[in-house]
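*Asks:* The primary structure of each chain is shown beneath.
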Amino acid sequence: MNLTSSHAADGGTAPRPIPGLVQAWNISRRKLPVGLREVAVVSWLLIAPDVALYPSALLGFALLLLPFSSASQVSISPRAFLPLLLFLLLPSGLLLSWPRIWWTGMVPWLLFAAVLVLGPWKPEYPKNQVITGASRPELWAGLSVAASIIHFAGLMQDGFPAVLLASIAWLRSGPNRSAIQFVAWAFLLLSPVVHGTLSPSLVLMGMLSALLAGAQALRATAHRPGRRVLALGQWTPLLVVAGHLVLLGILDPRIFSDDSAIRALQQLDGWWRVQVAGLQDLAAHPWLGPGVYSVSFLGDQALSSLSPPAELSPATLFLLDHGWIGYGLMALFLRSIWPVQRRASLWVVLGSLAVAPSQQTATLRLLPWLALLLAASGQCQQRGGLSIQNRAPRLPGPMAKAAAWTVATLLFIIGVKSLASELYIAAGDDLARHLQWPRAVDRYQGATELAFWPEKALHRLSDLELRWARIARDRGVLRAERPLLEILTRGSTDAWTLYRLAEISRYRGRPQRASSLFAWAERLQPQSALIRIAAGHNWLDLRRQDLAAKEFRIAVGIRPSLLPRLFHALRRISINPALLGQLILDASLEDQVIYAELLAGSGLVAPALVEFEKLTANPSPPSWVLLRYARMLAGRNRVSLALEILHGLGQRPTIGPREKLDIFQELLAFEPSPKARARAALEIVRLLPYRDLNVAVLSKLALPILISGLPEEAHALVKKAIHRLEASGHLRKSLAANRRIDELRELARKWQTGGPPQVPAP
Amino acid sequence: MGRLGLLLGLFAVLTPRCADPPKAKTSRETLELFGHHALGQAEQGNRLLAEIAQGAKNDSASVTYRELARFLVPILGLQYRMRNRNLPDSPYQILVQMELLPKNSAARPVSVEDLERILNRATLPETELLLPHHAPLPQWLAPEAPASQVASSLEGKKHHP
Numbered sequence: 013m014n015l016t017s018s019h020a021a022d023g024g025t026a027p028r029p030i031p032g033l034v035q036a037w038n039i040s041r042r043k044l045p046v047g048l049r050e051v052a053v054v055s056w057l058l059i060a061p062d063v064a065l066y067p068s069a070l071l072g073f074a075l076l077l078l079p080f081s082s083a084s085q086v087s088i089s090p091r092a093f094l095p096l097l098l099f100l101l102l103p104s105g106l107l108l109s110w111p112r113i114w115w116t117g118m119v120p121w122l123l124f125a126a127v128l129v130l131g132p133w134k135p136e137y138p139k140n141q142v143i144t145g146a147s148r149p150e151l152w153a154g155l156s157v158a159a160s161i162i163h164f165a166g167l168m169q170d171g172f173p174a175v176l177l178a179s180i181a182w183l184r185s186g187p188n189r190s191a192i193q194f195v196a197w198a199f200l201l202l203s204p205v206v207h208g209t210l211s212p213s214l215v216l217m218g219m220l221s222a223l224l225a226g227a228q229a230l231r232a233t234a235h236r237p238g239r240r241v242l243a244l245g246q247w248t249p250l251l252v253v254a255g256h257l258v259l260l261g262i263l264d265p266r267i268f269s270d271d272s273a274i275r276a277l278q279q280l281d282g283w284w285r286v287q288v289a290g291l292q293d294l295a296a297h298p299w300l301g302p303g304v305y306s307v308s309f310l311g312d313q314a315l316s317s318l319s320p321p322a323e324l325s326p327a328t329l330f331l332l333d334h335g336w337i338g339y340g341l342m343a344l345f346l347r348s349i350w351p352v353q354r355r356a357s358l359w360v361v362l363g364s365l366a367v368a369p370s371q372q373t374a375t376l377r378l379l380p381w382l383a384l385l386l387a388a389s390g391q392c393q394q395r396g397g398l399s400i401q402n403r404a405p406r407l408p409g410p411m412a413k414a415a416a417w418t419v420a421t422l423l424f425i426i427g428v429k430s431l432a433s434e435l436y437i438a439a440g441d442d443l444a445r446h447l448q449w450p451r452a453v454d455r456y457q458g459a460t461e462l463a464f465w466p467e468k469a470l471h472r473l474s475d476l477e478l479r480w481a482r483i484a485r486d487r488g489v490l491r492a493e494r495p496l497l498e499i500l501t502r503g504s505t506d507a508w509t510l511y512r513l514a515e516i517s518r519y520r521g522r523p524q525r526a527s528s529l530f531a532w533a534e535r536l537q538p539q540s541a542l543i544r545i546a547a548g549h550n551w552l553d554l555r556r557q558d559l560a561a562k563e564f565r566i567a568v569g570i571r572p573s574l575l576p577r578l579f580h581a582l583r584r585i586s587i588n589p590a591l592l593g594q595l596i597l598d599a600s601l602e603d604q605v606i607y608a609e610l611l612a613g614s615g616l617v618a619p620a621l622v623e624f625e626k627l628t629a630n631p632s633p634p635s636w637v638l639l640r641y642a643r644m645l646a647g648r649n650r651v652s653l654a655l656e657i658l659h660g661l662g663q664r665p666t667i668g669p670r671e672k673l674d675i676f677q678e679l680l681a682f683e684p685s686p687k688a689r690a691r692a693a694l695e696i697v698r699l700l701p702y703r704d705l706n707v708a709v710l711s712k713l714a715l716p717i718l719i720s721g722l723p724e725e726a727h728a729l730v731k732k733a734i735h736r737l738e739a740s741g742h743l744r745k746s747l748a749a750n751r752r753i754d755e756l757r758e759l760a761r762k763w764q765t766g767g768p769p770q771v772p773a774p
Numbered sequence: 086m087g088r089l090g091l092l093l094g095l096f097a098v099l100t101p102r103c104a105d106p107p108k109a110k111t112s113r114e115t116l117e118l119f120g121h122h123a124l125g126q127a128e129q130g131n132r133l134l135a136e137i138a139q140g141a142k143n144d145s146a147s148v149t150y151r152e153l154a155r156f157l158v159p160i161l162g163l164q165y166r167m168r169n170r171n172l173p174d175s176p177y178q179i180l181v182q183m184e185l186l187p188k189n190s191a192a193r194p195v196s197v198e199d200l201e202r203i204l205n206r207a208t209l210p211e212t213e214l215l216l217p218h219h220a221p222l223p224q225w226l227a228p229e230a231p232a233s234q235v236a237s238s239l240e241g242k243k244h245h246p
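Protein chains in written order, with this note's numbering: chain A, 13 to 774; chain B, 86 to 246.
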């Protein structure tokens, strides 16, 4: 495919200089060695971490390229593009709908197969072509179709024989391969997705066999009719498998050891997460079961050896984290194999770059394909029509319209289904709120079936099913687990999903699995107190109190107000102060004081005293610590010790009036001697703010003193309060202060005259 | 015409499914409906429902907090926390400790809104009830909660739908 000459053939003029990036692309394309195309596509397929999720989309992509790669010499009926477009579109539908309604996803595929068999998919090769070497291709085709159907039906777990047969059939049939072989490939490439036994090597091998053998055969046929140039196609399966292994081996030799493989799988996006999570319960699923069951043991091992991602080599991590390199290679490959115009290549590059930063979201993964369609559309509008005479390939007019309609239809369908899904979710929320759970579940399920990105509906469905399972024992919590597993299979993992999965595991009495899921969730959301608390309780279930205390300590660090609750959670199972003390290893002074008070409050008075002694051991402990220490002592019948602390605290010259007031209030509460209580009350009156000096407070202070037989002291209290109020000039001016003074005088007069004290209501 | 028919058909299918649900008038009726729908054929649920029905003969149309607690504690499997099993208010006290029910209101009738809120919240995982703030309820069940508060049980985590 000589693109320079194709430009010359268009109008006899040299190609116009193209600035910037596109020019660089053109230069690189001219100097591109022939073999680099294959290297580019193989590298892309091997590197892109999420490639395993999209075999069907890649198949569509590969088949789309077939006519383009060979179109320079071969006339293809415009109608032949329609099934290709269908093929490009339908994988998206399949991916987005699978596995909720897998049969719905299958219907388009079956329709497509019918189109392939009955439709116009038959390239029109040059008339003088001599077909040789195709020894009984029908036999091979029949065998491959049978094998692929057997494999697809789950009767044969290993898909390799079927792939091998299909490869042989494909290669031996030469350019006269029939459409039925496409069906065989479709079944083969679909079966790993359906059965859950995904073998990336197998899928890649099949795809590359289709792509390269087809391209080679068509190109060779176009250039030299009658000659079979299928060497590369024949060796493609081996090349792909070997390349896969070698590349992985070069990147990280430890990939071949068991542990490293498990860790590597943990890094992979999407599909593998189900397997790594060890969610064997999916094996109970009627059609996902067999595949998942076969790999579930791997998940348990992986869960028990969760390790930080840094254990992989930097090169592997870089490539895993930067799948956009793969998309860039895809663009390079496209640019080299597909002689599109500048605008079209720009679309491809932009599409590739757009998908790069958000690889984790399935949403934007459609963008490259959308870009391809747009590119095709732009190309068609520029040129229009495919002609045998022109060496440059030109896309037919109908394809432009078809591409435009495809994009518009896709967007319309996405919009309508998303809107309908949102309506369903809103209705489900309302129903759930009004306790109509069966109908709410129905709405959420409807939303998951309608939505292109159903995570939102799946979360709601799982939440409601979990709450329902908590009260209806016969309902089973598996219903709550399945939507979350489905979210994982879609490649979007978040802390909430993992946390809820872990909670469900706890609920089902599987704390080991829950602990692994909690660890995973903590890695994703390390600052979540909720996950730490749940993980701690799970460790308590496993009788690992030390680990529980560690989780609780982190939770207390995140949210200090959790300390009392978590203390009691530990205290219920242990009286060991060393264990309980782990809660406050990193805590502030206030939390340590709270901890000591909690110890005392839960009956562990001696450890509480030790804690307080530690806190007050330094030469000048904060007065509020001493105050609370004294309060704790007084509450545990150690009044003399408390008074000693309080008297010592009252002598401090640096203590503020507010703290002094607290001290005297404590003294008033605990002091056994009436005279000492009277002195404390007088101090309190002296220290109280003006606004608090009213009849109610004075009565509360003085009444116990009166009852103790010390009327003079009580009278002195009132006098002191009156004196303070009168001495404050700014208060005296106010009417309220004057009224208070009058009331206090009246109170003093009554008490002076004797008789039982009449206490005004506060 | 065909497209119009398609749209009308879509509208006709979606409208009844998105319509407002019928609301129960009293809390007792709400609880009975909830029990019938959610508990199904569970033996324990049926017994509790029978007790509620028995209460309906004697009492008003509203369920009291005490009755609600007697219904909820066995349903949630919290009987093991009842130290004083003979006291009538033991279930109520347990739920008060869990901050599911208000204090000092055992004999007060429960409104329909409160009943819906309490039942939705009580069935969450217990860990989520431990959090000191009162927003463990998912966003879609707590419309009165501000969005920032609901964002939610995973604090600082945007994800929750």
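Keep in mind that the hints were calculated from the coordinates and are not lab data.
Errors might be hidden in some of the hints.
Capping the alpha-carbon separation at 25 angstroms, the derived lysine to any residue pairs in SDA-like fashion look like this [stated by the list, open to error]:
#, chain 1, residue 1, chain 2, residue 2
1, A, K468, B, I203
2, B, K188, A, D442
3, B, K188, A, K429
4, B, K110, B, R193
5, A, K429, A, D442
6, B, K110, A, R520
7, B, K188, A, P576
8, B, K188, A, S573
9, A, K732, A, R757
10, A, K562, B, R193
*Asks:* Compare the structure with each hint and give your call.
*Replies:* Hint check:
1. A:K468 to B:I203: Answer holds: A:K468 to B:I203 is near 24 angstroms, not above 25 angstroms.
2. B:K188 to A:D442: violated (28 angstroms)
3. B:K188 to A:K429: Violated - the C-alpha atoms of A:K429 and B:K188 are around 47 angstroms apart, more than 25 angstroms.
4. B:K110 to B:R193: Holds. B:K110 to B:R193 sits at ~17 angstroms (cutoff 25 angstroms).
5. A:K429 to A:D442: holds (20 angstroms)
6. B:K110 to A:R520: Status violated; Cα separation ~37 angstroms.
7. B:K188 to A:P576: Distance ~20 angstroms between B:K188 and A:P576 Cα, so the pair holds.
8. B:K188 to A:S573: Holds: B:K188 and A:S573 sit about 21 angstroms apart, inside 25 angstroms.
9. A:K732 to A:R757: This hinted pair holds, its Cα atoms lying about 11 angstroms apart.
10. A:K562 to B:R193: Violated, because 42 angstroms separates the two Cα atoms, which is more than 25 angstroms.
Violation of the numbered hints given earlier is confined to hints 2, 3, 6 and 10; the remaining hints are satisfied by the structure.
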